[in-house]
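Asks: Each protein sequence line maps, in turn, to chains A and B.
Just so you know, we're using my numbering here: the first sequence kicks off at 1 and counts up by one.
Just so you know, we're using my numbering here: the second sequence kicks off at 1 and counts up by one.
It cannot be assumed that every hint is accurate.
All copies of an identical chain are treated as equivalent in the list; a pair is satisfied when it fits inside any one copy or across any two copies.
[To be verified] DSBU-like cross-link-like pairs, simulated, lysine-lysine; straight-line CA separation at most 35 Å:
| id | residue 1 | residue 2 |
| --- | --- | --- |
| 1 | Lys-140 | Lys-530 |
| 2 | Lys-66 | Lys-374 |
| 3 | Lys-374 | Lys-296 |
| 4 | Lys-41 | Lys-530 |
| 5 | Lys-275 | Lys-363 |
| 6 | Lys-441 | Lys-21 |
| 7 | Lys-21 | Lys-374 |
| 8 | Lys-406 | Lys-21 |
| 9 | Lys-374 | Lys-5 |
| 10 | Lys-296 | Lys-520 |
| 11 | Lys-41 | Lys-520 |
Treat the hints as calculated values from the structure; they're not laboratory data.
Keep in mind that this is a model prediction, so the values were computed, not measured.
Number of protein chains: 2
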Amino acid sequence: MIETKIIPPAAGAYAYPLLIKQLLLSGVRYEPGREIVYADKLRYSYQTLNQRIRRLANALTAAGVKAGDTVALLDWDSHRYLECFFAVPMIGAVLHTVNIRLSAEQVLFTMNHAEDDLVLVHDDFLPLVEQLQGQLTTVKGYLQLTDETAAETCLPVVGEYEHLLAEAADQYAFPDFDENSVATLFYTTGTTGDPKGVYFTHRQLVLHTLNAVGTLGAYQGLPLLRSDDVYMPITPMFHVHAWGVPYVATLMGLKQVYPGRYEPNRLVQLYREEKVTFSHCVPTILQMILNCEAGKHSRFDGWKMLLGGSALTLGIASEASARGIQVHSGYGMSETCPVLCTTYLRADDLQQPMQDQLATRIKTGVPVPMVDLKIIDAEGNDVPHDGEALGEIVVRAPWLTQGYLKEPQKGAELWQGGWLHTGDMASIDARGGVEIKDRIKDVIKTGGEWISSLELESLISEHPAVMSVAVVGIVDEQWGERPMALVVCEPGHYLDRKLLEAHLQTFVERGRINKWAIPKQFKFVTEIPKTSVGKINKKLIREEEMS
Amino acid sequence: MIETKIIPPAAGAYAYPLLIKQLLLSGVRYEPGREIVYADKLRYSYQTLNQRIRRLANALTAAGVKAGDTVALLDWDSHRYLECFFAVPMIGAVLHTVNIRLSAEQVLFTMNHAEDDLVLVHDDFLPLVEQLQGQLTTVKGYLQLTDETAAETCLPVVGEYEHLLAEAADQYAFPDFDENSVATLFYTTGTTGDPKGVYFTHRQLVLHTLNAVGTLGAYQGLPLLRSDDVYMPITPMFHVHAWGVPYVATLMGLKQVYPGRYEPNRLVQLYREEKVTFSHCVPTILQMILNCEAGKHSRFDGWKMLLGGSALTLGIASEASARGIQVHSGYGMSETCPVLCTTYLRADDLQQPMQDQLATRIKTGVPVPMVDLKIIDAEGNDVPHDGEALGEIVVRAPWLTQGYLKEPQKGAELWQGGWLHTGDMASIDARGGVEIKDRIKDVIKTGGEWISSLELESLISEHPAVMSVAVVGIVDEQWGERPMALVVCEPGHYLDRKLLEAHLQTFVERGRINKWAIPKQFKFVTEIPKTSVGKINKKLIREEEMS
Chain A
1 MIETKIIPPA AGAYAYPLLI KQLLLSGVRY EPGREIVYAD KLRYSYQTLN QRIRRLANAL
61 TAAGVKAGDT VALLDWDSHR YLECFFAVPM IGAVLHTVNI RLSAEQVLFT MNHAEDDLVL
121 VHDDFLPLVE QLQGQLTTVK GYLQLTDETA AETCLPVVGE YEHLLAEAAD QYAFPDFDEN
181 SVATLFYTTG TTGDPKGVYF THRQLVLHTL NAVGTLGAYQ GLPLLRSDDV YMPITPMFHV
241 HAWGVPYVAT LMGLKQVYPG RYEPNRLVQL YREEKVTFSH CVPTILQMIL NCEAGKHSRF
301 DGWKMLLGGS ALTLGIASEA SARGIQVHSG YGMSETCPVL CTTYLRADDL QQPMQDQLAT
361 RIKTGVPVPM VDLKIIDAEG NDVPHDGEAL GEIVVRAPWL TQGYLKEPQK GAELWQGGWL
421 HTGDMASIDA RGGVEIKDRI KDVIKTGGEW ISSLELESLI SEHPAVMSVA VVGIVDEQWG
481 ERPMALVVCE PGHYLDRKLL EAHLQTFVER GRINKWAIPK QFKFVTEIPK TSVGKINKKL
541 IREEEMS
Chain B
1 MIETKIIPPA AGAYAYPLLI KQLLLSGVRY EPGREIVYAD KLRYSYQTLN QRIRRLANAL
61 TAAGVKAGDT VALLDWDSHR YLECFFAVPM IGAVLHTVNI RLSAEQVLFT MNHAEDDLVL
121 VHDDFLPLVE QLQGQLTTVK GYLQLTDETA AETCLPVVGE YEHLLAEAAD QYAFPDFDEN
181 SVATLFYTTG TTGDPKGVYF THRQLVLHTL NAVGTLGAYQ GLPLLRSDDV YMPITPMFHV
241 HAWGVPYVAT LMGLKQVYPG RYEPNRLVQL YREEKVTFSH CVPTILQMIL NCEAGKHSRF
301 DGWKMLLGGS ALTLGIASEA SARGIQVHSG YGMSETCPVL CTTYLRADDL QQPMQDQLAT
361 RIKTGVPVPM VDLKIIDAEG NDVPHDGEAL GEIVVRAPWL TQGYLKEPQK GAELWQGGWL
421 HTGDMASIDA RGGVEIKDRI KDVIKTGGEW ISSLELESLI SEHPAVMSVA VVGIVDEQWG
481 ERPMALVVCE PGHYLDRKLL EAHLQTFVER GRINKWAIPK QFKFVTEIPK TSVGKINKKL
541 IREEEMS
């Protein structure tokens with residue numbers, strides 16, 4: 001270790017550990033009267049938010065929660081969720097944001113694995129929790145969350161949220177503690193194995209928030225976040241803290257709108273009634289908003305959107321833009337808190353017509369400040385930034401999960417070589433723009449090179465005979481792997497299969513592709529296997545090919 | 001200590017200490033071609049900046065600088081200063097930014113007290129350093145900084161800066177080390193005693209920078225900093241890192257203009273030629289810019305300015321605003337890195353005409369995010385936020401000096417009770433606006449209350465017979481202290497002194513002032529004692545009254 005100059009602090013000097021409670025200081029000073037809105041059910045000021053967080057801390061303490069305990073939350077996106085984002089970590093406990101879209105079996109696994117002590121459960125999820133109750137091995141109590149009239153339940157609840165808050169004292173002296181204390185926990189699901197617990201500390205969340213305020217606020221062109229914006233999340237709060245933006249919005253003192261369930265017509269209505277100006281969502285939700293009953297044929301002027309989670313197509317971006325939405329992209333994952341990259345527009349980009357800007361706006365973007373990001377090959381060597389060569393994205397940043405809960409082996413794999421491995425394959429162009437091309441498990445390793453299965457699919461899908469296509473790598477003695485394509489033909493296409501295969505091979509060859517990247521084999525099928533969430537099940541395809 | 005959940009990191013997980021080198025990551029990615037300009041002498045890109053910082057690290061290492069050493073810098077505001085802000089701390093050494101405006105005796109004191117190892121000295125300061133050389137007890141080497149042709153010197157210099165950089169390798173693997181390592185050091189001077197060494201760590205500078213990007217970037221109305229702004233500092237880089245903004249500008253990838261010496265006509269010329277859009281300065285400099293040959297009768301459209309250091313009068317703010325300058329205020333001090341408060345304009349403020357906004361814009365502002373700030377009375381109790389009651393500002397923030405170098409007693413006084421004592425007396429209004437009213441040593445403690453000497457001076461100065469006035473507290477058996485006013489009369493004023501005293505007492509009484517706050521004694525003088533920097537020397541006045 002290098003010997004630098006470290007001076008012990010003067011007597012009395014306050015070391016200032018980075019704690020979530022500090023994110024609350026500024027919003028209420030800037031905008032004490034600004035509103036927090038829960039759909040059409042409740043609205044109150046920042047002054048009330050701060051008071052309610054103190055009341056909630058008292059209610060949780062009365063329910064037996066101590067520092068180091070874990071509090072599970074099953075709720076729709078609401079003011080209560082926001083209050084828990086603060087109050088639970090601020091008393092030194094861990095907030096487990098339960099993924100309510102998992103199967104009952106997976107919810108049970110995560111709650112036992114997290115060792116939840118108290119469970120906050122919305123009426124809508126009472127049937128689920130009642131069903132699991134007998135198998136929850138660590139839970140000591142339940143607290144009921146109700147929108148209108150509390151549902152009947154056989155759970156031994158300590159009381160109802162609003163009722164307990166009303167009864168609780170509105171003062172609470174939030175303690176200081178180690179900034180490396182775990183604040184939040186949630187589970188990420190892959191295609192295989194049990195869900196994995198991803199966790200973030202107070203320090204990490206404070207740093208992610210401070211950096212996001214600058215990144216989102218100081219954009220060239222139209223900044224995504226300014227102090228007069230109105231924020232409504234449309235990625236769920238149980239998933240990586242709604243991308244961390246509720247913390248950002250609270251620090252800035254923005255008006256915040258929590259929509260409850262994500263019903264597209266309802267979201268459109270809230271955009272109009274509450275004058276929402278900033279949201280983040282996945283492309284599928286954007287598409288639903290554009291096409292739903294309330295949204296279709298409508299304009300959405302003044303709505304700035306950060307899109308992420310999966311690739312944004314030019315088609316959706318163009319449609320959204322034509323209807324008044326300012327489109328930006330972000331990139332990150334559960335393990336990265338999540339923000340790693342966002343769209344960055346230079347002065348010359350901004351002088352182009354919007355239609356030309358969209359090519360930049362739909363890409364993964366440029367790494368944000370404090371993020372050290374590179375692409376590496378299978379041997380760990382840096383891959384050139386030529387916009388072509390593929391490498392796995394590995395990152396360092398002050399807000400990355402330091403492992404998976406109680407899974408040291410999986411954590412060590414994630415952090416191989418001191419860099420967090422995203423599993424995403426990308427190129428980086430000369431201007432620093434990152435473009436995700438594939439997942440590493442789906443990339444085809446052939447002739448010492450990596451080929452993106454997604455790029456091949458995109459190329460093949462342009463042929464008029466092809467309705468849908470999936471490309472996977474299959475073992476090849478000479479090349480290591482060779483691509484194989486599964487094709488569903490357009491109905492009414494009668495060309496001989498052998499002839500069509502040759503056609504498609506020539507078609508692919510014209511697309512600036514190396515010889516070894518041309519699929520040697522095309523298989524014509526009536527259906528492509530999909531996973532439960534509608535993605536191509538490449539794992540299954542590979543298994544079937546190998547068996 | 002509270003028992004929270006702390007999880008050891010997975011094998012290989014990178015802990016990411018907060019280090020200044022990380023502030024360099026993003027600017028060059030966002031804007032590789034953006035320029036760093038040194039007046040009319042040199043301009044280069046961010047790519048070159050990053051390369052030069054690596055060359056400088058090699059040159060410093062070759063000159064014998066090791067981690068833990070201290071490097072002194074005597075230079076005008078330049079690209080070299082910016083490069084040293086990065087390269088010196090990035091190799092683990094401490095950058096001592098020498099205040100070139102101090103007396104030779106004080107410079108000598110600070111350089112010996114800091115235990116400087118290597119001295120980087122601009123040609124213009126060679127005579128000073130040559131004169132001190134024999135008395136510098138720790139210095140092992142000198143490095144010459146030259147704008148054009150190197151001056152002759154008897155100092156044993158290792159070489160000239162540009163020459164050494166040209167010779168040095170352009171790769172350097174900057175090491176990781178403890179984020180609490182000291183990065184920078186400079187001296188603050190009071191009216192009494194030796195200069196005191198104030199120091200900041202890597203962690204503190206990173207946190208100050210991240211917070212400032214958000215604070216300056218996400219303003220309501222016109223944000224002070226966006227990625228297309230052009231930055232030129234007009235507070236010296238030796239003083240609290242030019243308010244930390246060079247780090248902010250570099251992180252964002254802004255065009256930066258370093259003006260060398262602060263000659264008002266030259267600053268106006270640089271504003272015009274380089275299209276500067278953001279600067280920070282003290283009110284005196286702003287006034288000089290408005291009134292200098294090149295500036296008078298000119299407009300300064302598009303120039304946003306953050307004013308601080310001393311109170312901004314409505315007169316100067318109005319003049320600047322009428323000529324196109326966007327005026328904001330900031331508050332902080334050497335010990336606070338410095339930013340604590342900045343102007344915050346709410347939606348209703350922004351709807352007012354600019355002339356009405358100025359009353360808010362010239363005030364101290366609202367504490368920025370992460371700053372915990374309160375006003376307390378002499379017993380340490382909180383003072384109400386009614387816009388009237390005075391208290392001393394005490395603060396906590398993640399970027400406050402943790403003491404004074406080698407002065408544990410003074411450090412403990414600064415941090416009494418776990419809060420940094422600013423020595424500034426202020427009120428806070430119901431809207432959270434802080435307004436500095438006085439220095440605590442100048443405030444008058446009378447009848448159990450604190451009276452601002454500045455407010456009394458302001459009131460008395462409104463009387464037509466008064467040309468200038470100074471108010472100090474003098475010991476009073478009944479009241480503790482009573483105010484005493486020294487008055488210089490307007491020339492041609494012939495009223496009897498006794499009569500004028502009574503007049504002024506009645507005049508003050510009308511100004512909503514408590515009875516005990518009315519100066520019992522007015523002294524009519526021909527001159528008010530001033531310090532070397534032109535401030536009223538209240539210490540001297542009090543001493544003369546007591547003797």
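Asks: Name the hints, by number, that the structure is in violation of.
Replies: Violated hints (numbers, rising): 1, 3, 4, 10 and 11; every other hint is consistent with the structure.
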